[in-house]
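Q: Based on these hints, arrange chain B on the given structure of chain A.
Those protein sequences? They're chains A and B, same order as listed.
For the first sequence, this note's numbering gives the first residue as 1, with consecutive numbering after it.
For the second sequence, this note's numbering gives the first residue as 1, with consecutive numbering after it.
Possibly wrong hints are sitting among the right ones.
Which copy is meant is left open, because identical chains are indistinguishable; a pair holds if it fits in one copy or across any two.
Said to hold, decoys possible - Below, in silico cross-link-like pairs of lysine-lysine (BS3-like), each with a Cα-Cα straight-line distance of 30 Å or less:
{"id": "1", "residue 1": "Lys-67", "residue 2": "Lys-147"}
{"id": "2", "residue 1": "Lys-70", "residue 2": "Lys-152"}
{"id": "3", "residue 1": "Lys-137", "residue 2": "Lys-154"}
{"id": "4", "residue 1": "Lys-137", "residue 2": "Lys-147"}
If you're looking for bench data, these hints aren't it; they were derived computationally from the structure.
Number of protein chains: 2
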Amino acid sequence: MSSKGKIILTPIGFVRTDAVGDEVKDKTKLSQIIIHDELAEALDGIAGFSHLFVLFWLHEISEEQRKTLKVHPRGRRDLPLLGVLATRTMLRPNPIGLTLVELVKVEGNVLTVRGLDAFDGAPVLDVKPFDSWDMAKDARVPEWWSKLESEKAKSR
Amino acid sequence: MSSKGKIILTPIGFVRTDAVGDEVKDKTKLSQIIIHDELAEALDGIAGFSHLFVLFWLHEISEEQRKTLKVHPRGRRDLPLLGVLATRTMLRPNPIGLTLVELVKVEGNVLTVRGLDAFDGAPVLDVKPFDSWDMAKDARVPEWWSKLESEKAKSR
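For reference, chain A alone in the conformation it holds in the complex:
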């Protein structure tokens, strides 16, 4: 396959949540990840981890939206116009969501997690145990990012 060739994924499961709209951003909310029955065995041992990365498909993003190259972060025109890959916008060439969640409970093929900002029905592509090598303690972010973060903190 060439590096331009298409890649085909099959979801391993889907998200169940009663959160709607902006409620999905509430990091205290619980969601469920329902893994397809035939893959349930692939979860064996996952309960030993407290945190997981969830990779999911942003199924609400259209083919047209995937062509977006630049955005104002969160649609804010007071912030610079930036390349989509320099932000965490959902409007990306491959709209894959990546969220660190707390693993609360495992029951058969159902994972209950806290902090997953995915909509109900979102196809799940992968879950990966989190460990300390996934962290950078001294990460630097640009000014516009820090500004958004501090506004978010104040609004809590």
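A: Relative to chain A, chain B alone:
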């Protein structure tokens, strides 16, 4: 699209590295990510971040290998047999690599990064700026995981 429907991705670029075999695991090594020209604009502003998540396609994994449900971590039979989703094995239903890297340099459509454990030619699916909300400071991992980590530390 149903949660079982197939999802089609198009790589945004590819990895260039002279590391071969186990050399790709050397976290001090530099690699390059070449973003396709038509997407270069989507990188505007990325230099403001010191760290990125890179999502790439593990193109060496076959369709047959994607069906693996259980593995001994790193092939070690002294460790428990675990579900693939409870490990970071490359043998996963959707073999997407996820690695946190240091962004060293940005020149046009070329990102120079440190710590990317991807092989030469690996298709890149997404890059995402890293921030502190991608960390869990108090993460718990199972005993087999800690054992592997402490062995790795000793061998350095």
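Q: From the Cα coordinates, with 30 Å as the cut-off, is the pair Lys-137 and Lys-154 best called within, between, both, or neither?
A: Answer is both: 23 Å inside a copy and 22 Å across each meet the 30 Å cutoff.
Q: Is it within a copy, between copies, both, or neither that the alpha carbon of Lys-137 lies no farther than 30 Å from that of Lys-147?
A: both (19 Å within a copy, 23 Å between copies)
Q: Is the C-alpha distance from Lys-67 to Lys-147 at most 30 Å within one copy, between copies, in both cases, or in neither?
A: within (27 Å within a copy, 45 Å between copies)
Q: Regarding Lys-70 and Lys-152, is the shortest C-alpha distance of 30 Å or less found within a copy, between copies, in both, or in neither?
A: within (22 Å within a copy, 41 Å between copies)
Comparing the model with each numbered hint stated earlier shows that all of them hold.
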